[in-house]
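Taken in sequence, the protein lines are chains A and B.
Residue 253 in our numbering sits at position 253 of the first sequence, with consecutive numbering throughout.
Residue 240 in our numbering sits at position 240 of the second sequence, with consecutive numbering throughout.
Hints are computed from structural coordinates only; laboratory data are not their basis.
Owing to the predicted nature of the structure, the values given are computational and were not obtained by experimental measurement.
Some clues are possibly wrong.
Covered, in the sense of this in silico footprint (three residues per stretch, anywhere, with C-beta under 8 Å from a C-beta of chain B), are these stretches of chain A [what the hints assert, rightly or not]: (1) 167-174; (2) 238-244.
Not everything, but these chain A residues come out facing chain B in the computed CB check (under 8 Å) [what the hints assert, rightly or not]: (3) L10; (4) S61; (5) V121; (6) Q122.
From the three backbone atoms N, C-alpha and C, an ideal C-beta is built for every residue, glycine too.
There are 2 protein chains.
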Amino acid sequence: MTELTDALRLEESGTGWAGTLTNDWAIGDAVNGGLLMSLAATAVARSSTAAGGHADPLTFSGVFLSPGAAGPVRVEPQILRSGRSMTTAQVSVSQPAGDGSVERMRALLTLGDLTRYADPVQKTVAAPEIPPPEHCVSARDAPPSTLTESGFLKRFDARMDPATIGWAAGEPSGNGELRGWLRLADGADLDAIGLLLVLDAFPPVSFDLGSVGWVPTVEFTGYVRGVPAPGWLQLRLHTEHAAGGLLNEDCQVWDSSGRLVAHSRQLASARFPA
Amino acid sequence: MTELTDALRLEESGTGWAGTLTNDWAIGDAVNGGLLMSLAATAVARSSTAAGGHADPLTFSGVFLSPGAAGPVRVEPQILRSGRSMTTAQVSVSQPAGDGSVERMRALLTLGDLTRYADPVQKTVAAPEIPPPEHCVSARDAPPSTLTESGFLKRFDARMDPATIGWAAGEPSGNGELRGWLRLADGADLDAIGLLLVLDAFPPVSFDLGSVGWVPTVEFTGYVRGVPAPGWLQLRLHTEHAAGGLLNEDCQVWDSSGRLVAHSRQLASARFPA
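Take the sequences, apply the hints, and build the full model.
Written as structure tokens, this is what we have:
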């Protein structure tokens, strides 16, 4: 049992699945949205395969309705369409509140068989050349102390390209780009569902534009394009448009074989000093 | 009444909205997915504002469950969260079939007030330099005859950059990029909801990689970033990863003032000759 498989443990419960959120995956008191995404995808994959459908997440689009907190969590998948090559589903993640429950996230997923889409490669984009992990800066040394103390950061070994870490010393480049490496701190390798977590695991790219504080996600869409090879994952985050405090954050993930295995875009809300 | 406002006409009906799909917006027998998206956003905006919520689509994420056909259509919005600055909703688009109905699309939307996010611009990307519309190639002359005869293409005046139109003569560049201009054929200007239609209105970018035939959308996520100024819209489509017949298609839209007003990513399924 690794730290991540432990966090993604679910038991059948009525029409859905029951699990537990912990502060081990929280930043401050809010459980990371990427963990909710991986948890939701786990539940959908199990409901889908139990009905003879597909197992690998191809697309994940979610809206975040309230921050997840430590405690019990319910995941309710609904299969919308069972096709020959793909299964489409909706999923709701909620937590008990008073006599009822409060929804944390709702999402739409497409599942398929990732091995079908490995080859041939008609077009791709290579990972940028960056220093190897041992010459990069550990993310735990870089962000403000409130983040450093979060459980979430301790779950990862993240190494930032020194060229994109100026913001940690109060000197954001203004380019809106972060690059680096990521793996789980306990050494476990990530699978297709774990990539959803990876896509939201780096510091916000808005830090490189000088934003301060928390950067809540409005909407997140991630595509998993391949099963990752074991080892370090390389990440590149960038934004193409930030205005009035809203920005897109695009993330690309390459595995240790150099293959693009996931990419995502989220709309996020950032605070910029006047 | 313009061609687009006519197509987006909806009447209150029970818990949702009722409208009509026509072949005027179809490619072959399938009503364009972008029209379904604009129709769904129209219904959500009306339900939202009727409840005191927001009107402008900020994010739209949809999965396509079956192709829309000419005939009656129902749109059922569900408000998930009414916040101070944003309203979040789910929406289902369906059509009658036999004694019941069949769902065409399900989507998650975030609505807000776009004027709040116009300034200041912290970072953006400029439109590429391309020849003016009068020196570009009309899309109606370019695609295969089946597309040329579609109602959908007649609704637009689309002009393709000659540098990215080689595929129409059987010589795709392999770059995976299309550039050009777009406006409605009847001269009406596009608003924020119309931008959702625009994001899916160009020929598939996979044509520039040599794909043939229909390119069904698996998932589509579009962000509207600003209210477009009147006049021509400039579009750039590109893909960063196409493998095993699945590719992302990213679209960027700039208005006549040069502002990035929308961008999207879709996962689509394309057929490549062996």
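Among the hints numbered above, which are violated by the structure, and what are their numbers in rising order?
Violated: hints 1 and 3.
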